[in-house]
Amino acid sequence: MTLQIIDNATCTFCGCVCDDIQLHHDEVRIHKANKACVLGTAWFLNHTAEQKYPAALVDGREASLDEAIEVAATLLHEADMPLVYGMSNTTCEAQKECVAMADLLGGLLDSHTSL
Amino acid sequence: MGGKVTCTLGEVKQRADFIIYWGGNPAECHPRHFTKYTIMQKSKFLPRGRKDRTMVLVDIRETKSVKAADIFLQVRPGRDFELITILRAMIKDQHVADEQLAETGLARDVLEDLVARMKSAKFGCMFFGMGLSMTRGKHMNSAALLTLAAEMNAFTKFVAMPMRGHGNVTGADVIMRWQTGYPFGITFNRGYPRYNPGEFSTVDVLVRGDCDAAFIIGADPGATMPQPAIDHLKRIPTIVLDPHVTHTSRLARVHITTAPQGIAAPGTAYRMDELPLPLKPALKSPYPTDEEVVRRINAAIADKPFWLPEGSQPQMLTAQV
Ligand code: SF4
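Protein chains in written order, with this note's numbering: chain A, 3 to 117; chain B, 1116 to 1436.
Hints were generated in silico from the structure; no laboratory data involved. Hints may be right or wrong, so weigh each one.
Where chain B lies over chain A, by a calculated footprint (3+ residues, C-beta under 8 Å) [to be verified]: (1) 5-16; (2) 26-38; (3) 55-62; (4) 84-96; (5) 102-110.
Computed cross-link-like contacts, DSS-like style, restricted to lysine-lysine with a CA-CA straight-line distance of at most 27 Å [to be verified]: (6) Lys1419/B with Lys37/A; (7) Lys1151/B with Lys34/A; (8) Lys1234/B with Lys37/A.
Note that the Cβ used here is the ideal one computed from N, Cα and C, for glycine as well.
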């Protein structure tokens, strides 16, 4: 099977955010990450499109995405002082939604920077 | 960190003939930093590449990055602030006592040589890592180094830049600054953003047990935070979004699997010099993206009654004439 090639892909493993990586991939996994360093290569090759985990877990049991979203919304809404934290390994688009969430909840908002 | 004297990595690559790494180990933590942006590159202004550049490493111990450095300064642990303050005095030819120098563990002639080199550089850049910003003095160290960079501009062009860690932490800073005016440690509990690290920063909030629910995305505090903070996450309802079932997922009430950014989820990420770059995902994930899930949770929250009673919500003031 021939592999598809993506030129100038972006690695987000470290703050260098190298945007010159050449990825060779098929449907399921990335086989080669040219120009990436050891850390970047490991990052690209370790993630696959396989369904390794259940869509969601609620109280330790498998649940559907819809159910998990509803439970999450209820728990956050019930709280008096919810905390929205993290946002390291995610996109700016998702980060913006997280700010909206903290605003909507009247909660705390913080990232890894404060550690 | 608004107002810092900085530049993009492109400028460093083209122009910086004097580079200081302070409290960081790029050889192991940012492996392509040397080759892609700093010392190894040849450019129009520095045609001989490595030969045209000087690299100084300041750290408390010898790391793998020492091999790449021209000069290595081993500062005594926890004395970075003192050393920066001494350098700030020395560039202005102010008197520094022997006892003060002894505290840093460095000799006077070594520092005099460093100051002379800094002043004779055409374009100096100081990169500082967690060895500076996360040890004794913390953000005061970063502030001192940024001040040193600003003050060096009385003699030559000098800038400073933090070596940001994994993932899109820079993006989180930028997005929060854009949306709220503050980079981290924010609360909305009065209906508008307020900023106070120490009071609203996560470790403190968790250790004191202030919050009564937690939404964790793109981070694994269950593996990195101090035990009392983890214990509090166990006590309260915690919700985790992550491509893997993490340590934090195991103690959480809800875990939702999402597509990994840049591999299966599209979007934008910020480089450490605050330059946004588009992601080019190679794979199609069976899981939804973070953005989609957070958006759907927000929609579900918005369907419920607002947390402030009607009429007490903060209002935009409109000018009345
Ligand atoms: S390829 Fe290496 S240096 Fe570049 S962003 Fe990825 S981990 Fe960092």
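Hint check results:
1. 5-16: holds (count 9)
2. 26-38: This one holds; 5 residues, not fewer than the three required, reach chain B with a Cβ under 8 Å.
3. 55-62: Satisfied; 7 residues make the cut.
4. 84-96: holds (count 13)
5. 102-110: holds (count 9)
6. Lys1419/B with Lys37/A: This hinted pair is violated, its Cα atoms lying about 49 Å apart.
7. Lys1151/B with Lys34/A: holds (20 Å)
8. Lys1234/B with Lys37/A: violated (36 Å)
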